[in-house]
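Keeping the supplied structure of chain A fixed, place chains B, C, D, E and F upon it in accordance with the hints.
Protein chains in written order, with the numbering used here: chain A, 1 to 248; chain B, 1 to 248; chain C, 1 to 248; chain D, 1 to 248; chain E, 1 to 248; chain F, 1 to 248.
For the record, the hints were derived by calculation from the structure and aren't laboratory data. Treat each hint with caution, since some may be false.
[Unchecked claim] One-sided and incomplete, this derived list gives chain D residues near chain B with beta-carbon spacing under 10 Å:
{"id": "1", "residue": "A122"}
{"id": "2", "residue": "A123"}
{"id": "3", "residue": "R125"}
{"id": "4", "residue": "S126"}
{"id": "5", "residue": "S139"}
{"id": "6", "residue": "V140"}
{"id": "7", "residue": "S224"}
[Stated by the list, open to error] Here are a few chain F residues that sit away from chain B, every Cβ distance over 10 Å (derived from the structure):
{"id": "8", "residue": "R110"}
{"id": "9", "residue": "R119"}
{"id": "10", "residue": "S126"}
{"id": "11", "residue": "G173"}
Bear in mind that the values here come from a model prediction, so they are computed numbers and not experimental data. Note that beta-carbon positions come from the ideal geometry of N, C-alpha and C, so glycine has one too.
Protein chains: 6
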Amino acid sequence: MHLRIVTPTTATALDGAALEGLRAVLRPTTELDVVMLDQGPESIETEPEEALSVPGTLQRVAEAVRARCDGVIINCVGDPGLAAARELVAIPVVGPGQAGMHLASMLGGRFSILVARGRGIAAMRSLVARYGLQAKLASVRALEIPIGELRGGEERLLGALVREAQLATKRDGAEVVMLGSTGMVQVARRLAASLAEMGVRVPVVDPLLSAVILAEGLVSAGVSHYRSDPTSPSMPAVGASHPSAHAL
Amino acid sequence: MHLRIVTPTTATALDGAALEGLRAVLRPTTELDVVMLDQGPESIETEPEEALSVPGTLQRVAEAVRARCDGVIINCVGDPGLAAARELVAIPVVGPGQAGMHLASMLGGRFSILVARGRGIAAMRSLVARYGLQAKLASVRALEIPIGELRGGEERLLGALVREAQLATKRDGAEVVMLGSTGMVQVARRLAASLAEMGVRVPVVDPLLSAVILAEGLVSAGVSHYRSDPTSPSMPAVGASHPSAHAL
Amino acid sequence: MHLRIVTPTTATALDGAALEGLRAVLRPTTELDVVMLDQGPESIETEPEEALSVPGTLQRVAEAVRARCDGVIINCVGDPGLAAARELVAIPVVGPGQAGMHLASMLGGRFSILVARGRGIAAMRSLVARYGLQAKLASVRALEIPIGELRGGEERLLGALVREAQLATKRDGAEVVMLGSTGMVQVARRLAASLAEMGVRVPVVDPLLSAVILAEGLVSAGVSHYRSDPTSPSMPAVGASHPSAHAL
Amino acid sequence: MHLRIVTPTTATALDGAALEGLRAVLRPTTELDVVMLDQGPESIETEPEEALSVPGTLQRVAEAVRARCDGVIINCVGDPGLAAARELVAIPVVGPGQAGMHLASMLGGRFSILVARGRGIAAMRSLVARYGLQAKLASVRALEIPIGELRGGEERLLGALVREAQLATKRDGAEVVMLGSTGMVQVARRLAASLAEMGVRVPVVDPLLSAVILAEGLVSAGVSHYRSDPTSPSMPAVGASHPSAHAL
Amino acid sequence: MHLRIVTPTTATALDGAALEGLRAVLRPTTELDVVMLDQGPESIETEPEEALSVPGTLQRVAEAVRARCDGVIINCVGDPGLAAARELVAIPVVGPGQAGMHLASMLGGRFSILVARGRGIAAMRSLVARYGLQAKLASVRALEIPIGELRGGEERLLGALVREAQLATKRDGAEVVMLGSTGMVQVARRLAASLAEMGVRVPVVDPLLSAVILAEGLVSAGVSHYRSDPTSPSMPAVGASHPSAHAL
Amino acid sequence: MHLRIVTPTTATALDGAALEGLRAVLRPTTELDVVMLDQGPESIETEPEEALSVPGTLQRVAEAVRARCDGVIINCVGDPGLAAARELVAIPVVGPGQAGMHLASMLGGRFSILVARGRGIAAMRSLVARYGLQAKLASVRALEIPIGELRGGEERLLGALVREAQLATKRDGAEVVMLGSTGMVQVARRLAASLAEMGVRVPVVDPLLSAVILAEGLVSAGVSHYRSDPTSPSMPAVGASHPSAHAL
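Same shape as in the complex, but just chain A (with noise of 0.2 Å):
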């Protein structure tokens, strides 16, 4: 199968070590390529910058299908235009905000969400609330270390990440602990092992990960998302306004 990520910025795609993380736990037989955007925000960090990387990001999802895909994945724990993306195509979208919160929700009691900011709790928590899952949810914790050291996997973020998981175990009753990034999936290994060293054992998810194994599933299993309207047009036409009307 052939499946695809659409990384929704236009300065990071995913670098080749993560994306060789990814592969070694797909089947040998699942293709697996990342995409950019042609135009869009260079990072997400805000929640605009979210709004203006979902044209693009659909834009990517409908071609997608023009390309063969078999399944498509969001490279964002935001799930930025995740809803409109599944009314486009019928080859599943996956987005990694959702699949992490869910796999976290079956892996114990409840799960604590290690964002990279504070600025980026609310949006957060807001995402938990759209999907249900409030009730499973331990705490959003935030690093307040600057994205751009996020994927460097350094020292530096691995010590924050020790530090927060500890707190969301202890304090806060968390069970297992979700990256709120993606693009990080060595730096869960590491998190998972230095906890483990330190005798807290729990469960770290990463949110690709989570989202890339889902499509998998979903595709060999033949089973895709629900579509309000299967029979719509994959793009909506986006237009320059209309004069008369202007004049209002």
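Chains B, C, D, E and F only, in chain A's frame:
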């Protein structure tokens, strides 16, 4: 004060009668104008159309500050771009979905929302969940009338609204009815009157009217929404992708 | 329009400065007056005092219709008698607790309420539950200052509010702060200003101001609450017990 | 032990047969008496009547301590004044609404409440929400029979109860049925018997019986409710207004 | 009436003092006895031990009917086998977890549960969720004392309980405290007394005592739980596997 | 990898066609086998039968580790023994109820579950509550067909499923349908096809297929569930009672 309504489509702003209906409710000193998008979908009937309306809407919200507006209303019941718009500007940005649902929630035990088509039900329920009002929702009911006919105020539309409003109160236990579409202030009044004639005395909430009243109240009280980062620039850059990254 | 504030106690109506603060926010054509109870508790600090304020409050609400008022506000954050008052009259009756909580709910992710004393926490939580807003509540925090000092606007009060508002945002994740007492419009403004100076930019919601704005909006829009029986008399008879029944 | 039932009206205490029905369930050594209000509404069919019953009810609860009662039951399914009464006295004060809903919640998956009239549905739902039991509620159904006829135990009442109880189990998925009115212990038994004859084997919960059992259990176990301030006087003063304040 | 307590382990039934403590609360005419399992785990500290206690427990519940018992209490706060036991027999079967949580829910705003060890927290939260009482739960706190020491009533246990009960009320906002272990009726009393001496006046709920009171109340009222199939045999057959099926 | 399905009964493991249906979805390198219980109920149609299946199921789960399995699936939609099994072993243990509900929750707005008989509705709702997914549940509907016929894949079964799935989507607002029984992979496909032919395009979720996919994904990703005590022995001892204790 100066309030601006941003209609997130290119073909329909707000007809003159509806605008007059809103003005009649506001203070004499409140200026109210309506702008459409330069670039965007013709109408919003689906999730993809709603998503594609967001970039143009954010542009219009950012412009409103430069035009010295005191508050902005997004003229669509799905509140497209509301969370992102609030991060962009310090003046109050109000969504008719949020304003209408909270008003409906205050006027009785549980409320029902009447949407144009069945395909809109899930999106409306998702919005209710995001706002945390699930316990106050009696039902979302569909009229199954094309959205084009909704704006005309015809008898057929009114008939369908009366029928579904009655079912909402009788079968679903609604004590308040909210219209699931904006631009229908006069229809809301006629619906309330028709129901009253039939002995069904339930408040009818018009979402756009609710939003306009809320915006006027917030501006006069000098209160606005929370912003996670008040120092952020008013519009993030959207650029083309970097060739090097594309090579991945 | 003519709005009446019913203060449900016998000793304190609303000081002149607070009343002027409210009037400054309303339309120039809106008349606003305040009445106290003829018979009732001196102040409301406990559940029994609140309960004993209801009969006098209902009397004042019924009188408001005879005085041709267009709307009534009950001046206590616990909304004493609100549900009963709405059954009595057709004009809008608004409670500061309900109005403030719904406004706070709209302005950010989760809100905290700052009450005067620890004993008020459970009653406030119970009100939040009754209104179905539990998922939007971050915390209820107590200042532990006697209610008498709350009305003065003193520095000590402001200091306690600033301290608890900071804890609400830092520890409880609140993005909006609501005062848990009415009659403090100026204090709300000062609190917002003090927090902003310290870099804590959260909306501060004053419940009485919220209620007055809501009442003005409802009256101008011609919408009121649901009544289960619009034909019921405006005040039920309260008589002495029947001897025969007493013999049981 | 000595338990007192406070009927919060002036015209009906509890008929002798109902009182005997309750006594038959209690310990032989438990004294049970019933008092009405000196001053209050004749019956409780509306929210205003319920509100006006509270001052007299609190008076009776405070008296019960002086009469050396060990526990008090408020004889109305809306639990008028329950939260306030518990602040007044240290002996257990029990409400039939709360006791019945919690018992119903324990006896099966979800429960339905059968109220006399449609106008009572919203108040009952509001009570369920306040007690945090919404997830256990299947439905509230109205018999649409005047409350006067409810007390008679007539065949017409039983027929309506059987019909609605069947609909509650078949359509709403109820596994337990609770009567939405007190003073009907015998009716509850007859309803259970009639349903069993028809093959509908659901527990039928009588709220007053539930309250009496709970009160007896609490007294015998030496446990009572939480009071926010155990040192408060048993009844707050209710006085006339101060002329000076009136001048505002 | 004859009530039977089924202790779902093989090594500890209920010590004589605890049994006397319960008897002192019941009616003089109520017989109370305790049986253990013939086959089962020695104690219940983990989910597997709890699961392995169920078959023996169901056996004891079925026997109780043949022994003409009027009601059965399962002596473990996790309510092992409760749902299954209720399908087996028509007489009331009561669980201390369910009875204690509902009683705690009625006595104040929110309650906390004090369990012996951290590993019990998730199971207790899961039980609260199953019973639909999540909104009433303030916290579950662990004493981190081995369960063996819990039964002794030692000073060390009491000290830990006092400490955690104080934290529950101060930090978590609990107004009621429930013990998370059965067989500690005297400890509950001592805990309440110790807290009261320190000025912390919260009701302390003992789960087994709650269950015994509920069982006595249900039997005297002639009400029992819902059974999905009242005609089912009292114990399903448990046999060896069929060789043919094994060949698969 | 090696996955083992534990069928928690003694008479039916999984028919060959169903097993082949599952294998066709898995990786070619995944071994899948099925074991039954040595000792247990013949089938699981009631709560007592489900409870009695747990000891044998735990035995099989513990054995799976010794047989070097990489993951275990419990083949019953009620997930008997799931929480206990996860405490016993470190390899992933997956339940079809949990896996199917979470998958259904991700594929659309709300989901309905179709169970064989009305008596299964309450247990299924209880499971949904335990997993915290109540807000995503549209309904649980019963086919009222004996469980024996469910496994045959007959036309009658398919007709009943089509009828209830249509009612779930039309009346209850379901966007996803989940089968409430395992071992019916082919039936799920036929149901989806029949609905699609009728224009009802909803995803149909098979719980056992969901569980198998989840298990394969967890094993390949190297993630497992939370265990409260990773050092506990894999099976607790179950012994006979001690005579001395019996003397109580």
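Subject >> Check on F/G173 being off the interface with chain B, judged by Cβ distance over 10 Å >> reply: It is violated; F/G173 is separated from chain B by about 6 Å at its closest Cβ, not greater than 10 Å.
Subject >> Restraint check, 10 Å cut-off on beta carbons, for D/S139 near chain B >> reply: Hint on D/S139: holds, closest Cβ of chain B at ~8 Å, below 10 Å.
**OP:** Would you settle whether the hint for D/S224 is holds or violated, based on the nearest Cβ-Cβ distance to chain B being less than 10 Å?
**Re:** 30 Å, violated
Subject >> Status of F/R119, Cβ more than 10 Å from any chain B Cβ >> reply: The claim stands: F/R119 keeps its Cβ more than 10 Å from every Cβ of chain B (closest is about 27 Å).
Original post:
Minimum Cβ distance from D/S126 to chain B below 10 Å?
Top reply: 7 Å, holds
Subject >> chain B versus F/R110 - minimum CB to CB distance exceeding 10 Å, so not interface >> reply: 7 Å, violated
Original post:
Holds or violated: is the Cβ of F/S126 farther than 10 Å from all Cβ atoms of chain B?
Top reply: 20 Å, holds
Original post:
Do the numbers back the hint for D/A122, that is, is its least Cβ distance to chain B under 10 Å?
Top reply: 4 Å, holds
Original post:
Quick one, is the D/A123 hint okay against chain B at 10 Å, beta carbons?
Top reply: Since the shortest Cβ distance to chain B is 8 Å, the answer is holds.
Original post:
Taking the closest Cβ pair, is D/V140 under 10 Å from chain B?
Top reply: The hint holds - D/V140 has a Cβ within 10 Å of chain B, the shortest such distance being about 8 Å.
Original post:
Minimum Cβ distance from D/R125 to chain B below 10 Å?
Top reply: 6 Å, holds
Checked against the numbered hints given earlier, this structure breaks hints 7, 8, 11; the rest are met.
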